[in-house]
Amino acid sequence: MISTYWQNIKSAFSTSLSGLKTTFKHFVEARHVHKPVGISSPDYFNQDKGIMTLSYPHESLPIPDNGRYKLHNEIDDCIVCDKCAKVCPVDCIDIEPIRAVSEIGKTSDGTSKRIHAAKFDIDMAKCCFCGLCTTVCPTECLTMTKSFDFSEYDVDDHTYSFATMTPLEILTKKKELEEFEASKKKTQEAAAPKTERKADSEPSAEKKKPAKPVFRPRPMIKKKKDGDA
Amino acid sequence: MSTIIFFLPYLLIVVIFAVYGERKISAFIQDRLGPMEVGYYGILQSIADLLKLIQKEDIVPKAADKKLFLVAPILIFVIVFAGFSLLPVTSSWHGATAETGIFFLLAIVSLDVIGIIMAGWASNNKYALLGAVRSAAQIIAYEVPLTLSVLCVIVLTQTLDLQTISYQQGIWVNQVEPDSVNYLFGLMSIGIDITNVGGILSWNVVRMPFLFLVWVIFFIASLAECNRAPFDLPEAESELVAGFQTEYSGFRWSIIMLAEYGMMLLVSILGVILFYGSWNTPFPNIGSFKLAEWTGGLPGTTSGNILSAFWLISKTSLMIFLQMWVRWTFPRVRIDQLMSIGWKYLTPFALFFLLLCGVWRLLMI
Ligand code: SF4
Ligand code: SF4
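In the order they appear, the protein sequences are chains Y and V.
Every position in the first sequence, counted from 1, becomes a number in the working numbering once 6 is added.
Every position in the second sequence, counted from 1, becomes a number in the working numbering once 11 is added.
Calculated directly from the structure, the hints in this document are not laboratory data.
There could be a bad hint or two in this list.
Computed, partial: chain Y to chain V, Cβ under 8 Å [as the list claims (entries may be wrong)]:
| no. | residue |
| --- | --- |
| 1 | Leu23 |
| 2 | Leu26 |
| 3 | Phe30 |
| 4 | Phe33 |
| 5 | Gly56 |
| 6 | Pro173 |
Bear in mind the structure is a predicted one, so any value in this text is a computation, not a measurement.
Even glycine gets a Cβ: it sits at the ideal position worked out from N, Cα and C.
All chains should be built: construct the whole structure from the sequences, respecting the hints.
Right, here's the structure in full:
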């Protein structure tokens, strides 16, 4: 009984002192501040003391080049093949294609563009940053960028539109297509467009492509799609 | 009584810097940065907070006892601030010349609990009431060791006047007590006269080395007295929202906060006066190096005033730092632990040291 009394006093003193020592050590070490270096830097694990806080808007950790953040579509290189929209597990890519009557140009890697993108919207609020869309993109125009800080006041502002066509252009292109279809029907009766699998293959002659080529994802991706559905 | 013109602005300035300091110290202890945005290194943060608090609405809960509710914070502050009236600022600028200075100080400071109970009761809120009841239990348990530890010092100094206690701990002791002699460690039998050496050697904790342990008791009890962690049961955030101040907002809340930091400052100054040489310099006279005289200044002269105020304020700041350091180190004690620390450990030891101090005093004369 009495011995526990003295032991209590002893342990109270020794534990209090070691507690005070610990906090004082941290107080003194607070003169060091962690530098904002990324995990790739050899210094990363050497900074084991001092202030850890990253005063974020003023400084930030470097983002690796393969960071998977905001999506960006280089619309000039997009052949509107719709693969990205199909593979997206959360269906946040919304594409409205208009078939062109002839080739409208070439992408920077030489693929011919035959479809106008009347609408190419990505709803980043829904996106789960899986990166599947960038993997399937045949022209590699859809990429993930290093920009991660894109919070908005309105959730609608999270929908990014990449299409550059004006309403008038859309209207004319639609009309052109209608006229073309009509005249084609007259001349050629049974020329149903064949499905084409490889949209990214060499410019395959003057064969017209359907607006939405049937895309068969590889089994792994297919499984993922089913799981999410 | 003219010290009010020093202590009122001093208290406000100390509170503003102590709040800032407390945030920074806690941040550094926890490897954080603390406030950084308002002003250089966040230095204006507490001023911004103060402005915010003053602008807030003065809310009185519907079921509260309105009169008591409104008066309580002001009562708490007035009581704490009344304690400052007795403290000396410099060697020639003393507080109220009450013969029973420290006795009055202890008496009036314990009244603080009345304001806290008033606040808790009038809020008509279970958390507030619980906080107030805890505060009452805590004050009763800690007033005893606090008073006993102060009594230990008084037994040695034989006076209740804070300014006389201050003079006794320096080289100017003969200005108030013409024929008193200070011996090393207070012991006459050693026979080393240090009346004119002064410095740290004449501080109470060196005159009677066991006073250091008495100071530990005083410090623990004073933490409980100011309701600071690890004894912040009356306002335990994690259990009682904010204890007795739960229902207060804006200006009235800031008054309570002011009183709390005021109490912290008060017990810090009191601890410095009683144990650590009050406004006296820590440097002793060594031979022809009259360090104590050079860094202490003759009482009554301008340099004497400035230097003694400097020593008092810097020692007090150290004490406040110590309180903050303790706060951010230890977790809160349980109510039963609090009671057993108070009654089973601090009080018996304070009584023992009181006896020891009585014997020591016999050896001093
Ligand atoms: S990253 Fe994934 S979720 Fe986001 S748009 Fe691409 S496929 Fe859809
Ligand atoms: S997969 Fe690439 S090329 Fe195809 S529609 Fe999407 S972004 Fe355009």
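Verification of the hints:
no.	hint	in the structure
1	Leu23	10 Å, violated
2	Leu26	5 Å, holds
3	Phe30	7 Å, holds
4	Phe33	5 Å, holds
5	Gly56	7 Å, holds
6	Pro173	45 Å, violated
Hints 1 and 6 from the earlier list are contradicted by this structure; the remaining hints agree with it.
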